[in-house]
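Given chain D's structure and the hints, the job is docking chains B and G onto it.
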Amino acid sequence: MKQHRKKRLLNILLISSLSGAGVLMVLYALNTNLDYFFTPSEIISKELPKNKRVKVGGMVLEGSVERDSSNIKFVITDYQESISVQYAGIVPDLFKEGSGVVALGYIDKNGLKAEKILAKHDENYMPPALKD
Amino acid sequence: MLVEISHYLSILSTAVFLLTFTLVIILDSASRHSEILIRRSYSHGFVLFLISFLIYVYLAITDNFSVIYISQHSNSLLPTFYKVASIWSAHEGSMFLWILFLSLWGFAFNLSKDSETRIKNISIGIISLIIVGFQLFLLITSNPFETNLPYPPLNGADINPVLQDPGLVIHPPFLYLGYVGFVIPFSYGLAFLINSNESVNWEKKTKSWSVFAWVCLTIGICLGSWWAYYELGWGGYWFWDPVENVALMPWLAATAFVHSLSVASKSNTLRIWTLLLSIIVFSLSLFGAFIVRSGIIDSIHSFANDPQRGMYLLAFIGAILFLSLSLFSAKINLLTAQNELKSQSKESFISLNNIFFGVLIFSTMMGITYPLIYELAYNQKISVGAPFYNAIYAPITILASIILVISIESRWGRGFKEAKKYNQLYVSILISGLATLALRYFKSDISLIILASFFVGILIISRYLILISINLRTNKYTNIQSAIAHMGLGLLILSISANSIFSSERVFNMKPNETKDYMGVSLTFDELQLINNSNHDSIRAAFKVTDINGRISMLYPEKRKYFARGQITSETAIKITPKRDIYITLGDQLENGSWVVNLQLNYFIRYIWFSAILMAISGLIIVGKSSRARS
Amino acid sequence: MKHLLRLLIFIIPICIFSFFYAYLSKDNFYPGADYNNFNIPSFELNNLYEEKPLTNNDLEGNYIINVWASWCITCRIEHRFLSNLSNKGIRLIGLNYKDDRSDATEWLEKYGNPYELIIHDFQGSLALDMGVTGAPETFLISNGEVLVHYRGEVNEMIWEDVFISMIREKGIEL
Chain D
1 MKQHRKKRLL NILLISSLSG AGVLMVLYAL NTNLDYFFTP SEIISKELPK NKRVKVGGMV
61 LEGSVERDSS NIKFVITDYQ ESISVQYAGI VPDLFKEGSG VVALGYIDKN GLKAEKILAK
121 HDENYMPPAL KD
Chain B
1 MLVEISHYLS ILSTAVFLLT FTLVIILDSA SRHSEILIRR SYSHGFVLFL ISFLIYVYLA
61 ITDNFSVIYI SQHSNSLLPT FYKVASIWSA HEGSMFLWIL FLSLWGFAFN LSKDSETRIK
121 NISIGIISLI IVGFQLFLLI TSNPFETNLP YPPLNGADIN PVLQDPGLVI HPPFLYLGYV
181 GFVIPFSYGL AFLINSNESV NWEKKTKSWS VFAWVCLTIG ICLGSWWAYY ELGWGGYWFW
241 DPVENVALMP WLAATAFVHS LSVASKSNTL RIWTLLLSII VFSLSLFGAF IVRSGIIDSI
301 HSFANDPQRG MYLLAFIGAI LFLSLSLFSA KINLLTAQNE LKSQSKESFI SLNNIFFGVL
361 IFSTMMGITY PLIYELAYNQ KISVGAPFYN AIYAPITILA SIILVISIES RWGRGFKEAK
421 KYNQLYVSIL ISGLATLALR YFKSDISLII LASFFVGILI ISRYLILISI NLRTNKYTNI
481 QSAIAHMGLG LLILSISANS IFSSERVFNM KPNETKDYMG VSLTFDELQL INNSNHDSIR
541 AAFKVTDING RISMLYPEKR KYFARGQITS ETAIKITPKR DIYITLGDQL ENGSWVVNLQ
601 LNYFIRYIWF SAILMAISGL IIVGKSSRAR S
Chain G
1 MKHLLRLLIF IIPICIFSFF YAYLSKDNFY PGADYNNFNI PSFELNNLYE EKPLTNNDLE
61 GNYIINVWAS WCITCRIEHR FLSNLSNKGI RLIGLNYKDD RSDATEWLEK YGNPYELIIH
121 DFQGSLALDM GVTGAPETFL ISNGEVLVHY RGEVNEMIWE DVFISMIREK GIEL
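Line by line, the protein sequences are chains D, B and G. Quick note on numbering: my numbering labels position 84 of the first sequence as 84, and the sequence is numbered without any gaps. Quick note on numbering: my numbering labels position 165 of the second sequence as 165, and the sequence is numbered without any gaps. Quick note on numbering: my numbering labels position 63 of the third sequence as 63, and the sequence is numbered without any gaps.
For reference, chain D alone in the conformation it holds in the complex (with noise of 0.2 Å):
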């Protein structure tokens, strides 16, 4: 009976080690994969995690798009601040001037480089129609 009892105990410790453990790895890596979402105001008035990856959101300011070769400029608004975009590679489809969007990457002193380009789509509201 003793046997039988030390081994349940075993077994009890066994299963809270590994599932503490498994928590544990959980809540690091969490802590250490964060991505922070910024509107371009609060990139002015907050301070920025360093070395973080961020992504920022807002509306790609009209106008303001450049393209050269494979890379694309633009400025993201939040019409009171406004932030400069860089990014090498294909927007998405729904990226338009004056349409929603995010970025996410690494901001340095110009501004944005970003990895990779969202835009927002949702069903039930409607982009206006591009006239003929």
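FYI, nobody ran anything at the bench for these hints, they're computed from the structure. Among these hints, one or two may not hold up.
To be verified - Using 20 Å as the maximum straight-line C-alpha spacing, the simulated SDA-like pairs for lysine to any residue come out as follows:
#1 K46(D) with N379(B)
#2 K116(D) with F239(B)
#3 K55(D) with I373(B)
#4 K55(D) with P387(B)
#5 K342(B) with R5(D)
#6 K7(D) with Q344(B)
#7 K96(D) with Q589(B)
#8 K6(D) with E340(B)
#9 K52(D) with P387(B)
Below, chains B and G without anything else, positioned relative to chain D:
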């Protein structure tokens, strides 16, 4: 007129399901008479709901834009196929389909024969109650039958072009079928507790239902990944989008559940855990519905926002979960007399891997909720992306795979064979070790974790191949479904790691008649064409692709403009070869007239989906075997 | 021990559910709502019904600006609710967005005109300055200052939770 009939039938069906539930409570007996009455009542509820749905499909096909939902999501220019699919392209209609599938599973279960009449009756009662809850949700908060009479619009707003695709038409139905299929083991497990007879082997009785639901979920996730790959134009197969994650969590839990079912039905251990898992799996499926439909999470897949819906779902799902957990904790003494878990037995290894499944589910749950917690606490928006998930999934999967490989040798209810024959294991370790070294030799810049996943991927496959070939020669029995499913897992790990090692991409600026070379692929921009279709115009570029072996093929990526919304989409063009996909997306036109072209070389990506198909096949074999055994 | 384990299985779900309850019952849960205050940018655009330019001076007091277009199906659905508001005496200013004048007037003739005044923004220039990205969008304005900007369809519930609560908070009258 028809829409009112459809609406009315849905309401009637809700009433009939409520009646079924009441009948189960009143006629709580195992008599033949009550069984027939309950079965008929349920069938009537289902048939009413089915007719209501079919009328709705007819309304969509015939462009009845007096129905608000149809006018918002369909269009007369759409091909009929997509008119039907538009029903599940947004919240109300997809909820309609979701509930239909829920009642369909119940209907199939209702028709099946079961010697445990009382348990079956109670399960039907539980299923009916769940259906009623969701039907009320549909009718009260997300009514798809609302009309915009007396002035219906002349044409509809169109289904989102990104969603106009065969992949979209079939992937949500499979996902929903998978999600709601777990209602059967869930309600049967609860009914088993209510019935309080621990000698009934409920695990065995619900196994093929659970496995079949698992197969649907597997196929649904696989189709979703495949659709995102070719339609979104990013060239990836998994984005750790919250909506993907809420499908992954029930899949992981269901995989653990299906394994535990085998253990519990064979060796009378882990019974408590298995019952708890049945509750967890179904709750996670419902949680997925809550996340997608409450507007809590901003995602490219999520539906329109409405906090009232979120509150209703939260309250209802909470009620289901707390009632079932209370029942579980009140009645669980029933199952305490179970066998001791033998160390080094097959079931002990499965229980160990259950913990790993638990960690993966927990991490995914945290990935979804942590940004919300953070926002609530610090008023700062954050997101959790692929680096987090990779940091958890890769090491855990490797550990779990190693335990899997060790457990192949083990037996049910006993430890290892007396004379341990590790030779087969050593051979497979040798093979995979050599393969990994060779890989390291040819490509030196690979991270340790990817090398390790590459290693375990080959390890699993080679271990099973050796096992099968030896068993074939010595005429020993092989558990073929287990071998196929786990080789699928091995292939999945192997192809994901190989994909991340070899794949690369390059963005070019190209004018017509220009040629660019990249990694042995020569790409020539032939011409541009304008094409008119029934509901969109498209610009089609023709590229001549010369592969490394001199084989020439033509690829036609497109940019489409849809009439109804003026929305622009890109269609990727993909050349599939056994080793890699050549994947081209057409970007924007620059001012100097050249086009931005993205060329991706995606290695071994087909094998990722093929491995999911292997898993699904093994599930179907299990379902086939057990239904043959029953008849 | 056993009792503890039994309690334990409830704790995680309770945490998750109460968290989501808290999250859903936050006041500013509506993702379409934006509460940044700014003044209406200066503009000079035509009235939809007459070739007469409208400017900031034509808009006074407290009112609602609704961005709509005849090509927008959701606006068609929102229209019924807006008509109710207008019948209750709420001042609605229409901002007709990237739309042909003839299409717009035809639409109003067919479904009814809930607006006190309609600005015809064919280029979408005022809309752009106000941060409009599509239609429908709705603004609550008090003496030239934007208090609420809502993107998407306004219905009974959103009106109550987003607009009325702001109107009460600021103690203004429409």
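The hints, checked one at a time:
1. K46(D) with N379(B): Distance of about 12 Å is within 20 Å: holds.
2. K116(D) with F239(B): holds, 12 Å
3. K55(D) with I373(B): The hint holds at about 18 Å.
4. K55(D) with P387(B): holds, 15 Å
5. K342(B) with R5(D): Status holds; Cα separation ~14 Å.
6. K7(D) with Q344(B): Holds: K7(D) and Q344(B) sit about 13 Å apart, inside 20 Å.
7. K96(D) with Q589(B): holds, 13 Å
8. K6(D) with E340(B): holds, 13 Å
9. K52(D) with P387(B): holds, 12 Å
Every hint from the earlier list agrees with this structure, and none is contradicted.
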